[in-house]
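Enquirer: Now for the letters of each chain:
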Amino acid sequence: MEHEITLIVNGTARRARVPARRLLSDCLRHDLGLTGTHVGCEHGVCGCCTVLLDGRPVRSCLTFAVTVDGAELTTVEGLAGRDGRLSAVQRAFAECHGLQCGFCTPGFLCTVTALLAENPAPTDDEVIDGISGNLCRCTGYQNIVKAVHRAAELLAEEA
Amino acid sequence: MTTRLFGERVPRREDPRLLTGQGRYLDDLGREALAAAFVRAPHAHARIRDIDVAGALDVAGLVAVYTWEDLPERAGRALPLLIPHPALTHGRTAYPLARDVVRHVGEPVVMVVATDRYAAEDACALIQVDYEPLKPVAGLEEAVQGVRLVHEDVPGNVGAHLVQEVMTADGRGAREAIETSPHTLAFRLDIERSASMPLEGRGVYARWDGRDLRVYSSTQTSTSVRMAVAAALGLPLPQVEVIAPDVGGGFGVKIVHPWPEEVLVPWAAMTLGREVKWSEDRREHFVSSAHERGQVQYVRVGFDDDGRVLGLDVTILHDHGAYTPYGIIVPIVTSTQLPGPYKPGSYRVEFTSVYTNTVQVTPYRGAGRPQAVFCMERTMDKIARYLGKDRTEVRAANFIRPEEFPYDQGMTFQDGRPLIYDSGNYPEMLRMIKELIGWDSFERRPGRGIGIGCYVEGTGVGPYEGGHVQITSDGRVHVSTGLTSQGQGHETAFAQIAATELGVPIERVSVVTGDTRRFGYAVGTFASRAAVVSGNAIALACRKVRRKALRIAADALEANPDDLDIADGIVHVAGAPSAAIPLSTVAVLANPLRYAFDDETARATQFAGAASPDRPPVAEGEEPGLEGRDYYSPIRSTFAAGMHAAVVETDPDTAEIKVVRYAVVHDCGRLINPMIVEGQIHGGVAQGIGGALYERIVYDQHGQLVNASFMDFLMPYATEIPHIETGHLETPSPLNPLGIKGAGEAGVIPVSAVIASAIEDAEGIEIDRMPLSPSDLFDLRTTHRP
Amino acid sequence: MKPPPFTYHAPRDLAAAVRTLAEVDGKVLAGGQSLIPMLNMRLAAPAHLVDINRAEGLGGIEADPAGVRVGALARHSEVERSGAHPLLTRALRLVAHPVIRNRGTVVGSLVHADPAAELPAVLAVLGGAVRVARWDGGAVAVREVPAAEFFVGPMESAVAPGELAVSAFFPALGAHDGVAFEEVARRHGDYALAGVCAVVTPRGAKVACVGVGPVPVVVDLGDLVNLDSGAPDPRAAADLRAAADLRAAAEAVREATEPEADIHASAAYRRHLVGVLAERALREAAREGAAARGA
Ligand SMILES: Cc1cc2nc3c(=O)[nH]c(=O)nc-3n(C[C@H](O)[C@H](O)[C@H](O)COP(=O)(O)OP(=O)(O)OC[C@H]3O[C@@H](n4cnc5c(N)ncnc54)[C@H](O)[C@@H]3O)c2cc1C
Ligand code: FES
Ligand code: FES
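Protein chains in written order, with this note's numbering: chain A, 1 to 159; chain B, 1 to 786; chain C, 1 to 295.
Here chain A stands alone, though its shape is the one from the complex (with noise of 0.2 Å):
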């Protein structure tokens, strides 16, 4: 049986038939196209399908689409600015080069876009406990972890 859903994927009502075993990282990726959110191992440890649901960091990977009919969701085709302008965690990512691949960087993105969200000026501490469900087979994380400082930086400025 599909279930019809509506999800709210970047301020964007978006409609999917979808049985109800699809997992919200598939159905983001094949049913919505947006292909950003990605999957890297389909049993919640990698992290790179990490999307943000009504604010909050979650695997898409261990949530069915059906479950969450009617959210907010946001993915890494959302964190920029509406004109473009990639947001301060982009820009700090780029800048610190805190990718290679760019395979699990989606889902830092979104991790780190709602750490800091909830902690504007996080210590090493806790910016490595924030990130610390995040794999990246590349960077060595200490890019990443200069990244969430910078961009935390990049927010103050622009606040």
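Derived by calculation from the structure, the hints in this document are not laboratory data.
Just so you know, these numbers come straight off a predicted model, no measurement behind them.
Derived contacts from chain A toward chain C, CB cut-off under 8 Å, selection only: (1) R21; (2) E42; (3) G130; (4) S132.
Built from N, CA and C at the ideal position, the CB exists for glycine as well.
For this one, chain A is given, so just place chains B and C with the ligands on it according to the hints.
Expert: For chains B and C with the ligands alone, coordinates are given in the frame of chain A:
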């Protein structure tokens, strides 16, 4: 003036798309494609008696089910043995779908195609394969006993056996030199299996239009996949194109080809006349891609009172898994890179590469070097311990001196060429690393130790790469090279090279890699070779284009080409800035036209009067267009080097191990972009720490891979990786025009050795195996200080 | 790795949820952070899934002097943020990563009953209870299952098929009680290799251990350890005695456990570790309790 770009921290060109979700990875393509999934062997070793697909036929969305018997003759052949070697006397490769025997858990047996992956997996679950289980060969020790066989026709499970020996100056072998040495030591070292584990799995997506086949693959070599696919499917090469889209990490595992899926998915697309896609999931990746690292080494060393090595004799048992598609590159690299920055007097190395009923072993970042360096550096530490000397002093006593380059190690390297180091300065590097970590002022105490590790890495192996550079009439520069990218920032580094060589703003340069439509001749991305080989090829191609541009501009400006320079995309006469012509115009002039489509091109049409009526529009020996192609084929490898040091703390009660400081000094010749190089090093070190303290692929005695998930294969998170301090030393390579050496693998290579050195220092217990978990350390403590 | 098909139910309240559970052979879906990985790997294939995420009245964290009642839909992160129970807060920081905690539920973790999970130990050491509901012909029937009976075996709790865990009750601590949770995990956020959750009161001490038995191993140490055990000056005679008591307590804990080996740790190491952690947790809890008493 154009700013100097080579050597600068230029921001990456690939980032804007990757930061906004606009990257195009394999699974992002082909939204309408059918999905493939595989029934994979649940047994490590079994004969297939029967396959019953009946149960799956009612699954909604099922399109096709294929077994080996369904494959045409060519496609069904055993996969190629990519790198044959005389010592690989018993090379064996798998069939795309198991033919009669499965030899590791995860081997593909049945291919299912359905409307989506959910349905395909439903069908897989309903297919019954009747197996006759055979006894598996579960580990190295069991393999060498040779009682059970992985392949019936491979006696003793031995695929390859190779001895290389370098004599002393007076012609004595290593064993003899050891016998006559003042001191000798003998020991055994164990390194466990690990895996590349990129966050994006492999994947293949194929489109067939009835005549042409286009294949997208998450590969490290699109040109070679193209040739392999064309051969397997019996298609003329020009009808096959292979594209590596954005790739979410490779680290070696994606250099192997053709993977079964790279043959099967295009074949299914042709057979069904539909687009077909397969995206590997994580569990498949664990059991069906490739692993590396597993080795046992038996070492004997003889040395003098200063710790100088007089003879080194290493016997390696190498586990290559169930098949050898990539030949014996890994144990060859281990054996030849083992001497590192040292002169081991005389050196004998013997390896036996054996079959086990496990996933095949092919290069993972470092490709046999982490094992080599572990061996050599453990040896250095043991000598120091035995003599009561500082560990760095023993190393210094064995270094190749700066004035001894080029230095011939007397062996044949993995590229079949002599192992001759091009350049380096190891004493200076040692001084730098000691200073960076504070070696001499380190305060040692129980539970706190310092360690060091040195390595030399043959990089930039041939045979060749090429570059194509085209300047179009809008002044843009289009660069392409055949090798592929998996996050190394090639679009940026190669653009820096092109912009520097051509004197154009980097914004005007775009780079395409891994697309056979753009460049058909290439080898691939591995062995830290991209910057060296493609980088130089692109530089050479740019120089060709530059010469042509100056020739044409000289004509137009009525000047001597030698007096011209290019800056900011404009050719001008040196010292006379007004006598200038933009490259865009040069590009127009370079292509005499009959038809115009804008004002610029109108200037090159036949009645525009630009050309002399006395000469053919395209002069003899010239080609239309402002473009050039060139290749770089290195005479032999370059040799990068590095030294790492770490401070480690061990908990006296819980045996937890914490890396509190990590320092790297690194020489990869001239740096194109220090930001990118540092990123490569950070990532490599993190993988190295994974390999030293966390990651192991574990098979049980039945040949089941027991930790095939990210919950149990422990890749480090940010919480496990220390801050990494880096220093660069630049000894340019004399071998290539740009003087570069390559940096891709460097970070990972010595880490296990360094961490072992530091733990040994903290604990006073010899560390002879990697990785080491708290539980392992606890067990060591229990045996050594009961 | 895609979940097998199932029939989906999204009941709007408790009654509808238990009625559905009574009618179909189904599994409850709460935060999904343990269930969905198993479905994705096809290690479980329930015919029906009863998603309680839309059910009214199952959330909420209610604190009163007796303790804290956590509803079935209260996420780890909510409970952590509420600070309603200091031991729960401390344990939750050790559960997975912040992003997992945004979805995973406290009650789900208890029902899931992973022997290496932190929260079952908290419930066990505090002597809490889980409220379990089922459809009894015409109405919702509820029973309270005390912690001691709740954890039946590895990945097995007292919640029977057809039942729904409605809430969990964590008894409050006394004003002078000290608590601690010490664990060693391979990576930050991983399930523990071993862990010890300790409560030290003016009357005595109790620990619950994770990762060293099929269910949380509760050891009542009586008055072997008390608030003086955490005193900071190791030279004082009383403190020497306290240190000896701590060691004895650690030994008692070791003896009560029956750890097993897996790929991450040997049984001997786990046994050693649980003692070390017990000593640390007891000292820390005693120190905290002593400080509270002093204040
Ligand atoms: C990467 C990762 C790391 C993790 N690390 C840890 C860790 O270190 N420590 C730890 O404790 N946990 C860890 N977890 C698990 C996490 O805490 C889960 O959230 C928790 O175990 C289950 O809660 P849930 O709400 O997600 O339950 P679900 O996944 O929805 O359900 C789990 C099981 O409980 C049943 N169930 C759930 N709620 C009810 C109910 N109200 N009534 C009846 N049955 C119910 C379900 O039917 C299912 O069988 C980790 C998870 C992931 C993905
Ligand atoms: S894909 Fe969701 S956590 Fe890895
Ligand atoms: S950038 Fe490649 S995994 Fe993080």
